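*Asks:* So the chains spell out like this:
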Amino acid sequence: MIAALLAATPALPLDDAGPYVAAAYLVFLALILIYVAIMASKLVRIARELGELTEIVDRRDRDELEAGAEEAVPR
Amino acid sequence: MFSRGLKPLSIASVVLVVGAFALVFFYAPNDADQGFIQKIFYLHVPLAIVALCGFVAGGVWGIRYLRDGDRAHDLRSYVAIHLALIFGVATLVTGSIWAKASWGHWWLWDEPTLVSFLIVFLLYACYTPLRFSIEDPEKQARTASVFAITAGAFVPLNFLAVRMAESLAHPRVLSETGGSMPGDMRLTFIVALAGIAVLFVTLCKYELTSKQASMQLRALKRRLADDEDAAWTPTRRSAAPQQL
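Quick mapping for you: the protein sequence lines, in order, are chains A and B.
Start counting the first sequence at 7; every next residue gets the next number (the working numbering).
Start counting the second sequence at 3; every next residue gets the next number (the working numbering).
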């Protein structure tokens, strides 16, 4: 398939124009990748905050359970 | 609210952008005048058009915020302008590379198209610092909306002024003759434009969804902290809207 694609390709010039075209498309790719990386760091922060919230809820459930158990003990 | 349709949009972005790049390198012929370097056109021009449309969209959301007072519109306006700025950077860099290869200069200060785009870009570069400088969220949203509307109105005016000015080196693409593009070049250009436009919308939706998730988490954290009667950390100052 790659051979067929390359056969259909207009001869890719290896002269002066090639590096400039490659640079322009790479700049675009780099910007998109940087953006995705920033979005990923935000996702990590959201996951961390979600973990903190889960911890708060777990702690609260544990406290309620302990308080319920203490009330149930006969004096 | 913002995440609806994100999956099909993401798939459409990948298909269109990959399809456009495939057309650029395997279908569109080399330009008779510029040769292979003209391939930058299929990236540079759609980026510029979408960036300018993003700036105008920011202004339209600004109008909607001022009319309804709905914070979601302010968030949409902020995200549209933020992404249009990123696309603007890509436009300037790809344009400079093309200029260097074609004209032998990275930048031409006497070319109206280049300078006018730079002016619009620099105008919008003030948007984020402006937002950051205002602490009160209500005032921040209102001022940012007024800025987005005023600057958004400047974009088409600027476009018209550039069309009327005499171009020295920069070609006119969107002319009545369609830039005299042959059919295969025009098809490639349209697919590339659609790809970049859908990519812009998809990235907007990603950012909106991410910001909404952050806001909801923060609100939940605050509620839980209040319930526990514990001190919660106040939200840090930010240029982005902090609540819906």
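Just so you know, the hints here were simulated from the structure itself, not pulled from any lab data.
Please note that a few of the clues may not be correct.
[To be verified] In silico PhoX-like cross-links for lysine-lysine, where the CA-CA straight-line distance does not exceed 25 Å:
#1 B:213 with A:48
#2 A:48 with B:9
#3 B:223 with A:48
#4 B:9 with B:207
#5 B:141 with B:213
Values in this document were obtained by computation on a predicted structure and should not be read as measured data.
*Asks:* Could you run down the list of hints and mark each one as holding or not?
*Replies:* Going through the hints against the structure:
1. B:213 with A:48: holds, 9 Å
2. A:48 with B:9: The hint holds at about 19 Å.
3. B:223 with A:48: holds, 17 Å
4. B:9 with B:207: holds, 10 Å
5. B:141 with B:213: holds, 20 Å
Every hint from the earlier list agrees with this structure, and none is contradicted.
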